[in-house]
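> Those protein sequence lines, which keep their order, are chains A and B. Everything in the first sequence is counted per my numbering, starting at 1065 for the first residue and increasing by one. Everything in the second sequence is counted per my numbering, starting at 252 for the first residue and increasing by one.
Some clues are possibly wrong.
[Claimed, not checked] In silico lysine-lysine, DSSO-like type, Cα no more than 27 Å apart, as pairs:
1) A:Lys1481 <-> A:Lys1399
2) A:Lys1346 <-> B:Lys390
3) B:Lys421 <-> A:Lys1187
4) A:Lys1346 <-> B:Lys407
5) B:Lys315 <-> B:Lys345
6) A:Lys1257 <-> B:Lys315
7) B:Lys407 <-> A:Lys1399
8) A:Lys1346 <-> B:Lys345
9) A:Lys1346 <-> B:Lys315
10) A:Lys1257 <-> B:Lys421
11) A:Lys1279 <-> B:Lys296
12) A:Lys1124 <-> A:Lys1370
13) A:Lys1279 <-> B:Lys407
14) A:Lys1481 <-> A:Lys1370
15) B:Lys296 <-> B:Lys339
16) A:Lys1127 <-> A:Lys1110
17) B:Lys390 <-> B:Lys421
18) B:Lys407 <-> B:Lys390
19) B:Lys296 <-> A:Lys1187
20) B:Lys325 <-> B:Lys315
21) B:Lys325 <-> A:Lys1390
22) B:Lys345 <-> B:Lys325
23) B:Lys407 <-> B:Lys339
[What the hints assert, rightly or not] A few chain B residues that face chain A, going by a derived Cβ cut-off under 10 Å, partial list only:
24) Ala271
25) Leu275
26) Gly297
27) Arg363
28) Arg371
29) Leu373
30) Ser375
31) Asp376
32) Lys390
33) Ile391
[Unchecked claim] Pulled from the structure, derived: some chain A residues nowhere near chain B, Cβ distances all over 12 Å:
34) Glu1101
35) Leu1115
36) Pro1140
37) His1144
38) Leu1151
39) Pro1269
40) Arg1320
Calculated directly from the structure, the hints in this document are not laboratory data. Yeah, the Cβ is synthetic: ideal placement off N, Cα and C, and Gly gets one too.
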Amino acid sequence: MEKFVPAAGNGLLDRRAFLRGGAALAAAMTGYSAKAEPLLEPAWGKEPGQLVPAYGVPSKYEKGALRTLSNPQGEPRTQHARTPHHLLQGTATPNGLHFTISHAGNPDIDPDRHRLAIHGLVKRPLVFTLDALARYPMVSRFTFVECGGNSAPLFSPEPIQATAQALHGLASCAEWTGVPLAVLLEECGVDSKAKWVVAEGADSPHLSRSFPLAKALDDAMIALYQNGERVMPGQGYPLRLLLPGWEGNMNVKWLRRLELAELPAMSYYESRTYAPILPNGKAYRFYFLQEVKSFITHPSVGYAMKGAGFYEISGIAYSGNGRITKVMVSADGGKSWAEAALQEPVMSKSFTRFRIPWQWNGGPAVLQSRAWDDQGSVQPTRAEIIALRGQASRVPPPTGFPSQHYNGITSWAVDAKGEVRHVYA
Amino acid sequence: MCTRSAVLALALATSPALAAGPNLGQPLTHADLAAWELHVYPDGKGLPPGSGTMAQGAPIYAQKCAHCHGEQGKGAISAALVGAPPIKSIDAPKTIANFWPYATTVFDYIRRAMPWTEPRSLTSDEVYALTAYILALNKIIGEQEVMNAQTLPRVKMPNRDGFIPRFPEKLPPGPGREM
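So that you can see chain B by itself, here it is in the shape it has in the complex (with noise of 0.2 Å):
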């Protein structure tokens, strides 16, 4: 780290508000993010307001998804969504419902990646239509039920206990390393 030392000790620092470096950057506010602001955490963190359900998302993945994924979820050109077989070898097909630790990994996967050809197209309601579609027809939630900010974090996936940290010394403390 001598580098960096060399460089933070290369600049003064010209406001107290600033770090001793180059001070290149631009000041950033909450509203110029918003377009960009993908992550969803496990938590909750991230998710917009809006809402959907099963029923509203399957008319969207006929149009949008079944092309690629087949209908009802079941595969084509893409991997199957739908389905839970047990993992019996090392090389098990890995699905939402037999592997996924987390539901909000489905919105946050689908609102950044999906559709394959159209990213960033869905509105927030459609990708938390998707999302109850996919985890109803997997019956880890019910048919009626509704996804939002407060329900979709709640939801608890089959294999949400199934990991072990590689290397926890790695890790920085706290509820991450336990996740």
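Okay, chain A solo, but in the shape it has when bound (with noise of 0.2 Å):
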């Protein structure tokens, strides 16, 4: 058996050493705990069990892991819906569990009456029906949505003490499956005036975006199905739009109509809401992009640590202008660094699950994670975007948006009790 080989400081560890000296050297580095008490057949081996239902649903047991709701009595504004990180595993975001922001609520759509119209510097303008929707070649991918708005409690003057979930909740990973806008658009041939693509819901508020045409001949969909079923009713039944790597906002919800235009509309959404203010009292327009990103998930607030001894960190990194290439994690406040392995299949544009092995030696620790992209971007740390976006003049409230497109890094201070809390390192 290898010795285990720290990596960096605090209790950092290789991340290659389970790979290759196995679970054993847990055992050696910290030694077995008080013997086992004796096994028992309990009462569900005794008995036959229940039904099985006919659309499965999470162990009763499981009841905490769900979203938290910023309006659940539905009065009239947003309501936010929020994906329990420090809860899950993997990259592969539960349908339940995807991150929602309704404006308005989730429209009740027909799917026979629904409709996709595509128009305006088109040769053939056209309509589509779901029937004639779902007979077209498709493709399916990983990708992450993000709203423009996630994790903006960091810009807040003072750390937050919240969980993963309020944090950075509003983010999620989902396989999608759906036909390539561009084939669409070949169909109503693009007059060469064309710049810009409006697209529009059918939901109350018709909620509108631009976004450049180029952006729906690269890599858009049509997305019909979410991790092999049909799209949730909070992703926009019975069809969305879905702009790979783009804010969440632009990935239009139950989408009626796509317009092609030689400018952007500047609607609501693009002209105020995610267009974030500047120290010097201009605002950043057309952002678009969801930077590259990373947060700990494992452990995080709202865990209690078990004690000095082993303990697996994991987190999720993702961006939007590609595959994520390297991770980087300190547990002593980012004075030193040991590279996490990331797990394979590591996708464009997808939640990548990273994972790094740590002896906690039971005192003080801040636990941070940094990322890389295959375009050469790296994550801010959090004095970085702040020297450059500025930060809150007071403190908000945990749903609140002081501004939009925070993607430094967070950090996590577990003390000598076990607890961890959110702190600014």
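Two chains, each in its own frame: build the complex with the hints.
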């Protein structure tokens, strides 16, 4: 058996330790705890089990793995449902836990009566039924969708004590299946004057966003399926626009219309909401890209450490630019760093799970992660992004949006009692 | 894009007018789209016939908007529509008068999304009147000014030039990039 190899300060171990040494390594490092109690035959082994349901739901013991709701009574404002990252593993978000933002509730759309119209600067304006779209050759891809306002509480001047769900829960990842938008545009015949596409939903606010035609011809999809089943009502049933790697709000749900145009429409969401104010009083426009980012989900706020010894640190990294190439982890607040293992397959514009073994000595630690992508982008430190983008003038509520597009580092402090807190480091 | 090439190669065009693809869409005329054509562009494209003034907008506002947005746009359970607090921090409130770059967006948003409980219930004249009412309360236009498809795109919003494209290289060349 090989000896474990320290990879960075405060107990971080080489990411390959377990691939080489096997599980015995952990025992060698920590020693076994007290002898186990004798094993008994429990009640569920002494009688037949329950009926198998037609549509499976998680165990009753997992009732806590839920999205948090910002507006559970449906008051006349936006509803947000956040993904419980601290309770999930892997990279595919279960459909019922995929984050949802609905500006006026989820519309109840009859798929037989829904239509997708493509018109404007095209030679042949066309309208598609769901039956017609379902006959087109389809493609599948994993991609994350992230709200432009995800992680915005980290613009707060003081660290907000909240879980990874509260801070980063407006990002999720699924396998989406549908029709490449380029195929439909080809059939419509794009006019050479067209430069933008303006998308519109069938929901009651008829949410609209403009995006460059080049994105439509690159990797945009009319998504009909989410992790194998039809897209959920909160994701735009019966179909949504998917613009991989771009601001969640642009991935228009309940999509009913695409107009090709020379100009962007300067809709409410592009000219106001997703235009973050800069320290000099100007504002960024057409941000579009969800930049390279990572955060640790295990351990994180809400987890009570079970005493000194072995833990695996893991989290999620992603970039709207492409593939994650490297994630570095620190257990000493950024003084030293070790490279985490990336779970294969690493896919472009998709969640990537990173993992690294950690021998917690029971003392104070500050856990951080930092990601790189294959386009040369690196996740900024919090200090770097605040220097460029400024800081909120006051502490916002955990569900507030003091600005948009935070992709800096998140820091979790572990104290000697085993409590995990959100800190700035 | 190999998938796309395969798709396009899959089918032979049945007529020169059709693209090489499944061609399962149905032709659509301009008239077919009438009920759905909601986009209004900054140059005024998409604005319908009709007109309205502040005086015409005030009673409509009181009846259909004040419940959420407060008397004379001062704000209630929904955002204030009047006022231009200076932008002194990144989390400053964004208002129509201190932030929105184009007056056409006011018309577009009211027409597609408001009133919250009853969208698409307003006539074009009512949307023009409400737009005029809000712009006049903010002193962006005069109290007597008529808003219509010609006058609305000419309204210069105070923060028109307050924006910087984040990734200009991702934007198509042309006026859209400079907006």
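> Now look at each hint and say whether the structure bears it out.
Verification of the supplied hints:
Restraint check for Lys1481 (chain A) and Lys1399 (chain A): satisfied, since their Cα atoms lie roughly 22 Å apart, inside the 27 Å limit. A hinted pair counts as satisfied when its Cα atoms are at most 27 Å apart, and Lys1346 (chain A) with Lys390 (chain B) qualifies at roughly 22 Å. In summary, the hint linking Lys421 (chain B) to Lys1187 (chain A) is supported, as the alpha carbons are separated by about 25 Å, within the 27 Å threshold. Distance restraint check for Lys1346 (chain A) and Lys407 (chain B): the Cα-Cα separation of roughly 17 Å lies within the 27 Å cut-off, and the hinted pair is therefore satisfied.
Between Lys315 (chain B) and Lys345 (chain B) the alpha-carbon distance is near 23 Å, which keeps this suggested pair within the 27 Å criterion. A distance of roughly 40 Å separates the Cα atoms of Lys1257 (chain A) and Lys315 (chain B); the hinted pair therefore is violated under the 27 Å criterion. As the CA atoms of Lys407 (chain B) and Lys1399 (chain A) are separated by approximately 52 Å, the hinted pair breaks the 27 Å bound. Between Lys1346 (chain A) and Lys345 (chain B), the direct Cα distance comes to roughly 12 Å. Compliance with the 27 Å bound is thereby established for this hinted pair.
About 34 Å separates the Cα atoms of Lys1346 (chain A) and Lys315 (chain B), which puts this hinted pair outside 27 Å; it is violated. For the given pair, Lys1257 (chain A) sits about 17 Å from Lys421 (chain B) by alpha-carbon distance, which is consistent with the 27 Å threshold. Of the supplied pair hints, the one linking Lys1279 (chain A) and Lys296 (chain B) holds, its CA atoms being roughly 23 Å apart against a limit of 27 Å. A distance of roughly 24 Å separates the Cα atoms of Lys1124 (chain A) and Lys1370 (chain A); the hinted pair therefore holds under the 27 Å criterion.
At roughly 31 Å between alpha-carbon atoms, Lys1279 (chain A) and Lys407 (chain B) are farther apart than 27 Å, so this suggested pair is violated. Taking the CA atoms of Lys1481 (chain A) and Lys1370 (chain A), the gap is near 10 Å; set against the 27 Å cutoff, the hint holds. Annotation: proposed proximity of Lys296 (chain B) to Lys339 (chain B) is violated, straight-line Cα distance about 34 Å (limit 27 Å). This hinted pair checks out: Lys1127 (chain A) and Lys1110 (chain A) have alpha carbons roughly 25 Å apart, not beyond 27 Å.
A distance of roughly 36 Å separates the Cα atoms of Lys390 (chain B) and Lys421 (chain B); the hinted pair therefore is violated under the 27 Å criterion. This hinted pair checks out: Lys407 (chain B) and Lys390 (chain B) have alpha carbons roughly 12 Å apart, not beyond 27 Å. With a CA separation close to 19 Å, the supplied pair Lys296 (chain B) and Lys1187 (chain A) stays within the 27 Å bound. With a C-alpha separation of about 15 Å, the suggested pairing of Lys325 (chain B) with Lys315 (chain B) holds against the 27 Å cut-off.
For the hint pairing Lys325 (chain B) with Lys1390 (chain A), the CA-to-CA distance comes to about 50 Å; that exceeds 27 Å, so the pair is violated. This hinted pair checks out: Lys345 (chain B) and Lys325 (chain B) have alpha carbons roughly 14 Å apart, not beyond 27 Å. Of the supplied pair hints, the one linking Lys407 (chain B) and Lys339 (chain B) holds, its CA atoms being roughly 22 Å apart against a limit of 27 Å. Among the interface hints, the one on Ala271 (chain B) holds; its C-beta lies about 8 Å from the nearest C-beta in chain A, closer than the 10 Å criterion.
Given the 10 Å rule on beta carbons, the hint for Leu275 (chain B) holds: about 4 Å separates it from the nearest Cβ of chain A. Given hint, Gly297 (chain B) at the interface with chain A, holds; its Cβ is 8 Å from that chain's nearest Cβ, closer than 10 Å. Restraint check, Arg363 (chain B) versus chain A: the minimum CB separation of about 4 Å is within 10 Å; hint holds. Annotation: Arg371 (chain B) was flagged as interfacial toward chain A, and the flag holds, the nearest CB pair being 8 Å apart, inside 10 Å.
This hint is violated: Leu373 (chain B) has a C-beta 13 Å from the nearest C-beta of chain A, more than the 10 Å allowed. Restraint check, Ser375 (chain B) versus chain A: the minimum CB separation of about 16 Å is more than 10 Å; hint violated. Taking 10 Å as the C-beta cut-off, the interface hint given for Asp376 (chain B) is violated, the closest approach to chain A being about 20 Å. Taking 10 Å as the C-beta cut-off, the interface hint given for Lys390 (chain B) is violated, the closest approach to chain A being about 20 Å.
Taking 10 Å as the C-beta cut-off, the interface hint given for Ile391 (chain B) is violated, the closest approach to chain A being about 15 Å. At the 12 Å boundary, the C-beta of Glu1101 (chain A) stays outside the reach of chain B, the nearest C-beta of that chain being 55 Å off. No Cβ of chain B comes within 12 Å of the Cβ of Leu1115 (chain A); the nearest lies about 42 Å off, and the non-interface call holds. With a least beta-carbon separation of about 5 Å from chain B, Pro1140 (chain A) fails to lie farther than 12 Å from that chain, contradicting its non-interface assignment.
Here His1144 (chain A) stays apart from chain B, with its beta-carbon at least about 17 Å from theirs, past the 12 Å limit. Against the 12 Å criterion, Leu1151 (chain A) stays outside the reach of chain B, whose nearest CB is about 30 Å from its own CB. Consistency note on Pro1269 (chain A): stated as away from chain B, yet its beta-carbon is not over 12 Å from all of that chain's, at 4 Å minimum. The claim that Arg1320 (chain A) lies off the interface is violated: its Cβ sits roughly 7 Å from the closest Cβ of chain B, which falls inside the 12 Å cut-off.
Of the hints listed earlier, those the structure fails to meet are numbers 6, 7, 9, 13, 15, 17, 21, 29, 30, 31, 32, 33, 36, 39 and 40, in rising order.
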